[in-house]
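With the hints as extra help, turn the sequences into a complete structure.
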Amino acid sequence: MSRWQLTGLGLAAYALGLIATAPATLIDAQLERASAGGLRLADASGTLWSGTGQIEIRDANRSTGVAKHIAWRFRPEHLLRGRLFYEVRLDHAPRHFPLTVSATRIEVEGANINLPAATLGLGVPKLAPLGLTGDMLLHIARLSFGRGTIQGNATLQWRGAGSAFTRISPLGDYELRFEGEGAAVRASLRTLQGPLQLDGQGSWTSGRNPQFQGSARVPPQQQQQLSPLLRMIAVDQGEGRFELLLR
Numbered sequence: 002m003s004r005w006q007l008t009g010l011g012l013a014a015y016a017l018g019l020i021a022t023a024p025a026t027l028i029d030a031q032l033e034r035a036s037a038g039g040l041r042l043a044d045a046s047g048t049l050w051s052g053t054g055q056i057e058i059r060d061a062n063r064s065t066g067v068a069k070h071i072a073w074r075f076r077p078e079h080l081l082r083g084r085l086f087y088e089v090r091l092d093h094a095p096r097h098f099p100l101t102v103s104a105t106r107i108e109v110e111g112a113n114i115n116l117p118a119a120t121l122g123l124g125v126p127k128l129a130p131l132g133l134t135g136d137m138l139l140h141i142a143r144l145s146f147g148r149g150t151i152q153g154n155a156t157l158q159w160r161g162a163g164s165a166f167t168r169i170s171p172l173g174d175y176e177l178r179f180e181g182e183g184a185a186v187r188a189s190l191r192t193l194q195g196p197l198q199l200d201g202q203g204s205w206t207s208g209r210n211p212q213f214q215g216s217a218r219v220p221p222q223q224q225q226q227l228s229p230l231l232r233m234i235a236v237d238q239g240e241g242r243f244e245l246l247l248r
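Taken in order, the sequence shown gives residues 2 to 248; the numbers are from the working numbering.
Simulated from the structure, these hints should not be mistaken for laboratory data.
Warning: the hint list may mix true and false statements.
Label-pair restraints from in silico Cβ distances [stated by the list, open to error]:
(1) Ser228 to Gly183: 32 to 42 Å
(2) Arg209 to Ala104: 21 to 31 Å
(3) Arg74 to Ser228: 49 to 59 Å
(4) Lys127 to Arg82: 42 to 52 Å
(5) Thr105 to Leu138: 23 to 33 Å
(6) Ala165 to Arg248: 22 to 32 Å
(7) Pro171 to Gly149: 30 to 40 Å
(8) Thr206 to Pro171: 28 to 38 Å
(9) Leu139 to Pro196: 23 to 33 Å
(10) Ser51 to Pro130: 38 to 48 Å
(11) Asp44 to Gln223: 28 to 38 Å
(12) His97 to Asp237: 39 to 49 Å
(13) Arg82 to Asp237: 48 to 58 Å
(14) Ala104 to Phe166: 44 to 54 Å
Here are the simulated lysine to aspartate or glutamate pairs, EDC-like style, with alpha carbons at most 16 Å apart [unchecked claim]:
(15) Lys69 to Asp29
(16) Lys69 to Asp44
(17) Lys127 to Asp92
(18) Lys69 to Asp136
(19) Lys127 to Asp60
(20) Lys127 to Glu244
Think of the CB as a built atom: it goes at the ideal place given N, C-alpha and C, for glycine as much as any other residue.
Rendered as structure tokens:
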């Protein structure tokens, strides 16, 4: 073997060593860049291949947010298929979900993520002053992201919904379904049960703000208690009907 071949092998081994020991903090830099600061990885430790940290969802001002413990582990056997495969756990859950990274796409499948209702105020600042309460579960059946496109579907269920501005609790249970359709994500809202009936449709396109148009209906016996709350974010159409526009 020539001197140049040995030098090349040495450089390749050195590069692989750098990759293998690359700090987990590099993930934070990539997340911040891709999400314009909306997602961050705090207190990261370990490497790109195995590590832990706190995944943070931040508000529009990037000042407050919701944090979840995250741990990841790389599975090298999937390299033969031309992709990076990770096992990811949130909040020390007993089961992991797979995250796959290829040259053109990132795919998440079979993920269940518990979130506080306050998370809605991070994504939609207009909702933040309402002091929302309740439990939310985000189920990602499959979502694939790549070069300005999103494919797949996910469901967000909000159970025991409530607000600090009304004594009626719970307001109801609701479900928001997401469908990725190329460059756009469509969302549809429906009421599962409860006195406050909500429904609507929304969309989000890469590079634009999300938009949602919906309606709320309140039975006569709850109108006096719930109308002041709804007037904070919606237009009163009379007779317990409200129109809501979020963008």
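Consistency of the hints with the structure:
1. Ser228 to Gly183: 32 to 42 Å: 40 Å, holds
2. Arg209 to Ala104: 21 to 31 Å: For alanine 104 against arginine 209, whose Cβ atoms are near 27 Å apart, the range 21 to 31 Å holds.
3. Arg74 to Ser228: 49 to 59 Å: 51 Å, holds
4. Lys127 to Arg82: 42 to 52 Å: 44 Å, holds
5. Thr105 to Leu138: 23 to 33 Å: The hint (23 to 33 Å, Cβ to Cβ) holds, given that threonine 105 and leucine 138 are roughly 30 Å apart.
6. Ala165 to Arg248: 22 to 32 Å: Roughly 24 Å apart at Cβ, these two residues keep to the hinted range, so it holds.
7. Pro171 to Gly149: 30 to 40 Å: Between proline 171 and glycine 149, where Cβ atoms are some 39 Å apart, the hint holds.
8. Thr206 to Pro171: 28 to 38 Å: 33 Å, holds
9. Leu139 to Pro196: 23 to 33 Å: Roughly 25 Å apart at Cβ, these two residues keep to the hinted range, so it holds.
10. Ser51 to Pro130: 38 to 48 Å: 41 Å, holds
11. Asp44 to Gln223: 28 to 38 Å: Given range 28 to 38 Å: violated, Cβ gap about 44 Å.
12. His97 to Asp237: 39 to 49 Å: At 47 Å between Cβs, range holds.
13. Arg82 to Asp237: 48 to 58 Å: Given range 48 to 58 Å: holds, Cβ gap about 56 Å.
14. Ala104 to Phe166: 44 to 54 Å: Roughly 49 Å apart at Cβ, these two residues keep to the hinted range, so it holds.
15. Lys69 to Asp29: 14 Å, holds
16. Lys69 to Asp44: Satisfied, since the Cα-Cα distance of roughly 11 Å is no more than 16 Å.
17. Lys127 to Asp92: Between lysine 127 and aspartate 92 the Cα gap is close to 28 Å, so the pair fails against 16 Å, i.e. violated.
18. Lys69 to Asp136: Since the Cα atoms of lysine 69 and aspartate 136 sit roughly 15 Å apart, the hinted pair holds (cutoff 16 Å).
19. Lys127 to Asp60: 11 Å, holds
20. Lys127 to Glu244: Holds, at roughly 14 Å.
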